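Visitor: So the sequences go chain by chain: S and V.
All residue numbers for the first sequence refer to the UniProt record's numbering, where the first residue is 1 and numbers rise by one.
All residue numbers for the second sequence refer to the UniProt record's numbering, where the first residue is 1 and numbers rise by one.
No lab work stands behind these hints, which were simulated from the structure alone.
These numbers were taken from a predicted model, which means no experiment stands behind them.
All residues carry an ideal CB built from backbone N, CA and C; glycine is no exception.
Hints should not be assumed to be uniformly reliable.
Some chain S residues well away from chain V (every beta-carbon gap over 10 Å; in silico) [to be verified]:
hint, residue
1, Gly38
2, Arg63
3, Arg105
4, Gly107
5, Asn227
6, Pro243
7, Gly281
8, Ala345
9, Thr426
If you want a taste of the chain S side facing chain V, the calculated C-beta under 10 Å gives, among others [said to hold, decoys possible]:
hint, residue
10, Glu37
11, Arg42
12, Leu45
13, Gly211
14, Val217
Here are the simulated distance ranges between beta carbons [claimed, not checked]:
hint, chain 1, residue 1, chain 2, residue 2, range
15, V, Ala67, S, Gln274, 53 to 61 Å
16, S, Gln325, V, Gln277, 28 to 36 Å
17, S, Gly222, V, Pro402, 20 to 28 Å
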Amino acid sequence: MSQRDAYVIGGNRIPFARSGGKYLKASNQDLLTTTIEGLVARFGLGGERLGEVVAGAVIKHSRDFNLTREAVLGSHLDPHTPAYDIQQACGTGLEAAILVANKIRLGQIESGIAGGSDTTSDAPLAVNDDLRKTLMKVNYAKTPQQRLKALAKIRPGQLAPEQPKNAEPRTGLAMGDHQAITTKEWGITREAQDELAVRSHQNLAAAYDRGFFDDLVTPYLGLTRDNNLRADSTVEKLAKLKPAFGKGDPAATMTAANSTPLTDGASAVLLGSQEWAQERGLTPLARFVDGEAAAVDYVHGDEGLLMAPPYAIARLLKRNNLSLQDFDFYEFHEAFASTVLCHLAALESPEFCKQRLGLDEPLGPIDRDKLNVNGSSLAAGHPFAATGGRIVASLAKMLHEKGSGRGLISICAAGGQGVAAILEATA
Amino acid sequence: MTDKYAQLVNHGIGKKVATQVGLPRPPRLRRYEPGQELLEGPAAVGGIGQSPVTQTVAAVIKASGGAVVDAAADTTYADKPAAVVFDATAARTLKELEELRAAVGPAVKALGRCGRVILIGTPPDELADAEAAAAQQALEGIMRSIGKELRAGGTANLIWLQGEARGDSAALAAPLRFLLSSRSAYVSGQPVRVVAGDVPEVDDWQTPLKGEVAVITGAARGIGADIAHVFARAGANVIAVDIPAAGDALAKVANGIGAVALQLDITSVDAGERIAQAVARVGDHLDVIVHNAGITRDKLFVNTDADRWGSVIDVNLAAQFRINKVLLDPATKGGLKDGGRIVAVASTSGIGGNRGQANYAASKAGVMGMVRQLSKNLADRHITVNAVAPGFIETEMTSKIPLATREVGRRINSLLQGGQPVDVGETIAFFAEPGSAGVTGQVLRVCGQSQLGA
Chain S
1 MSQRDAYVIG GNRIPFARSG GKYLKASNQD LLTTTIEGLV ARFGLGGERL
51 GEVVAGAVIK HSRDFNLTRE AVLGSHLDPH TPAYDIQQAC GTGLEAAILV
101 ANKIRLGQIE SGIAGGSDTT SDAPLAVNDD LRKTLMKVNY AKTPQQRLKA
151 LAKIRPGQLA PEQPKNAEPR TGLAMGDHQA ITTKEWGITR EAQDELAVRS
201 HQNLAAAYDR GFFDDLVTPY LGLTRDNNLR ADSTVEKLAK LKPAFGKGDP
251 AATMTAANST PLTDGASAVL LGSQEWAQER GLTPLARFVD GEAAAVDYVH
301 GDEGLLMAPP YAIARLLKRN NLSLQDFDFY EFHEAFASTV LCHLAALESP
351 EFCKQRLGLD EPLGPIDRDK LNVNGSSLAA GHPFAATGGR IVASLAKMLH
401 EKGSGRGLIS ICAAGGQGVA AILEATA
Chain V
1 MTDKYAQLVN HGIGKKVATQ VGLPRPPRLR RYEPGQELLE GPAAVGGIGQ
51 SPVTQTVAAV IKASGGAVVD AAADTTYADK PAAVVFDATA ARTLKELEEL
101 RAAVGPAVKA LGRCGRVILI GTPPDELADA EAAAAQQALE GIMRSIGKEL
151 RAGGTANLIW LQGEARGDSA ALAAPLRFLL SSRSAYVSGQ PVRVVAGDVP
201 EVDDWQTPLK GEVAVITGAA RGIGADIAHV FARAGANVIA VDIPAAGDAL
251 AKVANGIGAV ALQLDITSVD AGERIAQAVA RVGDHLDVIV HNAGITRDKL
301 FVNTDADRWG SVIDVNLAAQ FRINKVLLDP ATKGGLKDGG RIVAVASTSG
351 IGGNRGQANY AASKAGVMGM VRQLSKNLAD RHITVNAVAP GFIETEMTSK
401 IPLATREVGR RINSLLQGGQ PVDVGETIAF FAEPGSAGVT GQVLRVCGQS
451 QLGA
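Please model the entire structure based on the sequences and the hints provided.
Guide: In structure tokens:
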């Protein structure tokens, strides 16, 4: 099979909502189905059989084992469209896009949707482990006596449900507390973080105001914009907040405002081959050039939990013969303001680039005016698996509007992982 | 959006009581479903003199699967006629009006449920002789009065057939079929002017828009959503447009009919271009644009402000000019084809005015002014420009009107009820169909012959 190009044709997402709010009653399946439906309507895909739909959710009920396929069946797509779920923490959405793009490039499929959904409002609550073991014993008991004996072991303490935690299983530390360590190591100041956060809000608000999201976002349950967005955010206001992570450290810098809140939402991106797009009169917005995932050993390897993206970027640039400065847009997911700042510092650092990335020269600085120009996760919020799709669709549109150039995407993920990708404007 | 009164007096005990006490009972109107017969009974057809129009009428009805009987004086009808069509185009003297009375009277009396009365005349302004003009103008008075006398969902309408069109059977077919059919359920008491037009052959009059590309603005809800449904049913590839904030409802409408959803503020500077781009994705050119999007910002004239005033005029009227300008430019890829259709939505408020709605009435009256002039300007390109003027239509918007006002609006028309959004959609689709090439510059009321603004 010959290799050819894969293109981003468009995208759709619902406004992202702070958890426990507007989407409290919506399930992951509701969010993903609605998002796919919006994409189907935008591109007139009703009844169309696509090559595949790939999506996932990070926080997922066991009943949602076939989340994406169920969403497809609940949509107006041809039910003969296959689908599968993936999960790579916050990298899910971007990884899904890489998978679909790769299959298109290989000629295995002509078109596909990549997406993701997450809601911490519909988080699965499991029975705690003690109770589960007891109930399994009851289940396997052969006689009524054995069953009664097993049931008698239930204690009030076992009735408390086990809640999903936003913490790394191997360290027990919350992601923010991990990042607080890295932030301190890299000497990222509170002011720099707050400035980045304010700019994210201002950029996102301006993008909404100029109608940038008119063909990228479909309202849902009364929301027309991301409700984490604070258009009137200022550095002065943010300076008043108390630290939320790294508590106990008098020099802690990470607050609720320069960290992303838990958010509910979903996104979907339409990808296809040139021919497929042409047959339907659709305009490819950008070429999906390449993608790379990386992981770091944050458990015993002396690397920060969220520091994998620089590794992914370095390998991606090398493979594509590009320098870090060869881009017109940088879309660095803002898990925390300090994550982005640590990545930028690392890419500029001769020591880091030499010792960790094995490069003779540092990758160098970027033009900060090209970074997250239409806002990012600090303003929009971050429904884990939905962030990749949000970024891919927005960047593709930015490149199409500009009519030339290249964009770099970088997303950090739990488990010490990171995913990066390159998009290029169609000629 | 349900008419509870109509339900009450048409069922069970409520029906009994209403009949005995003499309360008005709004009839249930026959509405169109795909595959439906044009008429539920024969059409009584008659005329004055040996006019070719009479023969055309009979031929059109027969070709559409209907039976024709002769509407002559002193006829007793074995089967209840479903329609009476009387060709009075040749009437030139007042004496001939008696011929009309004698022939049409018995047929109207025998008319079945949801019957149709259609008179066909010669536009009085074409006639130099004063008596001839008077005789023709009399038709309008007769038609409007019959409309008010009809019961059980009957409607009466008048077709003014202009000079050349009297010898052009094709131009008459689509308007006649529309007014006979259940698609015109809520159109009554209206004159429609038909001129000779470039009418193509239509394979199937039930799907006249097959393969055509139609843009409908304000399609997310209310009347716009129903327009989209009617257009899809008629075979059109629909591009459903509404503001981004209504995108979720818009997506549902679009996916329900296999249409494309375009989230777009029609007042934005690039609205026309973006519509054309969307059209170019679906086909070579645009066949129909329906300017349905509209807003209200009610306030007494003396209390209103520049913002309320301006936004209503911008959305309801000015935006149409800007969008039309782009779509009518022959250089625009995805622009309106020669022979295409522009349909706008006016309102009976624009005709009769409404307290607190000077801005809205201005915009809707403006739509009528635009339609009448633009139709002339575009005649050489065979583009027709028309408007519907809905009366009281049962929508989410009208369900919020206070009860007493709402009841008045609903009842003061010949059909004793509000219209359905689909009724507006049917009339717009009629303007859009290829067979309506001879209908242009018209404002057709869809109001059940409402007394408001009459």
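Visitor: Evaluate each hint against the coordinates.
Guide: The hints, checked one at a time:
1. The beta carbon of Gly38 of chain S is not kept farther than 10 Å from every beta carbon of chain V, the shortest such distance being approximately 5 Å.
2. At the 10 Å boundary, the C-beta of Arg63 of chain S stays outside the reach of chain V, the nearest C-beta of that chain being 25 Å off.
3. The claim that Arg105 of chain S is not at the interface with chain V holds, since no C-beta of that chain comes within 10 Å of its own (minimum 24 Å).
4. The beta carbon of Gly107 of chain S is kept farther than 10 Å from every beta carbon of chain V, the shortest such distance being approximately 25 Å.
5. At the 10 Å boundary, the C-beta of Asn227 of chain S stays outside the reach of chain V, the nearest C-beta of that chain being 14 Å off.
6. Non-interface status of Pro243 of chain S relative to chain V is upheld: no Cβ of that chain comes within 10 Å, the nearest being about 37 Å off.
7. Gly281 of chain S, annotated as away from the interface, has a beta carbon of chain V within 10 Å; the closest lies near 4 Å.
8. At roughly 38 Å from the closest C-beta of chain V, the C-beta of Ala345 of chain S stays outside 10 Å, upholding its exclusion from the interface.
9. At the 10 Å boundary, the C-beta of Thr426 of chain S stays outside the reach of chain V, the nearest C-beta of that chain being 16 Å off.
10. Against a cut-off of 10 Å between C-beta atoms, the interface hint on Glu37 of chain S holds, since the closest Cβ of chain V lies about 6 Å away.
11. Because the smallest distance between the Cβ of Arg42 of chain S and any Cβ of chain V comes to about 6 Å, under 10 Å, the interface hint for this residue holds.
12. Evaluation of the Leu45 of chain S hint against chain V yields a held restraint, the C-beta minimum of about 9 Å falling below 10 Å.
13. With a cut of 10 Å, the hint placing Gly211 of chain S at the interface with chain V holds, because the nearest CB-to-CB distance is about 7 Å.
14. Taken as an interface hint, Val217 of chain S checks out: its beta carbon lies about 7 Å from the nearest beta carbon of chain V, inside 10 Å.
15. The hint said 53 to 61 Å for the Cβ distance between Ala67 of chain V and Gln274 of chain S, and at roughly 57 Å that hint holds.
16. Look at Gln325 of chain S against Gln277 of chain V: about 34 Å separates their beta carbons, and that is inside 28 to 36 Å.
17. Evaluation of the 20 to 28 Å hint for Gly222 of chain S and Pro402 of chain V yields a pass: the beta carbon distance comes to about 26 Å.
In summary, the structure is inconsistent with hints 1, 7 from the numbered list given earlier, while agreeing with the others.
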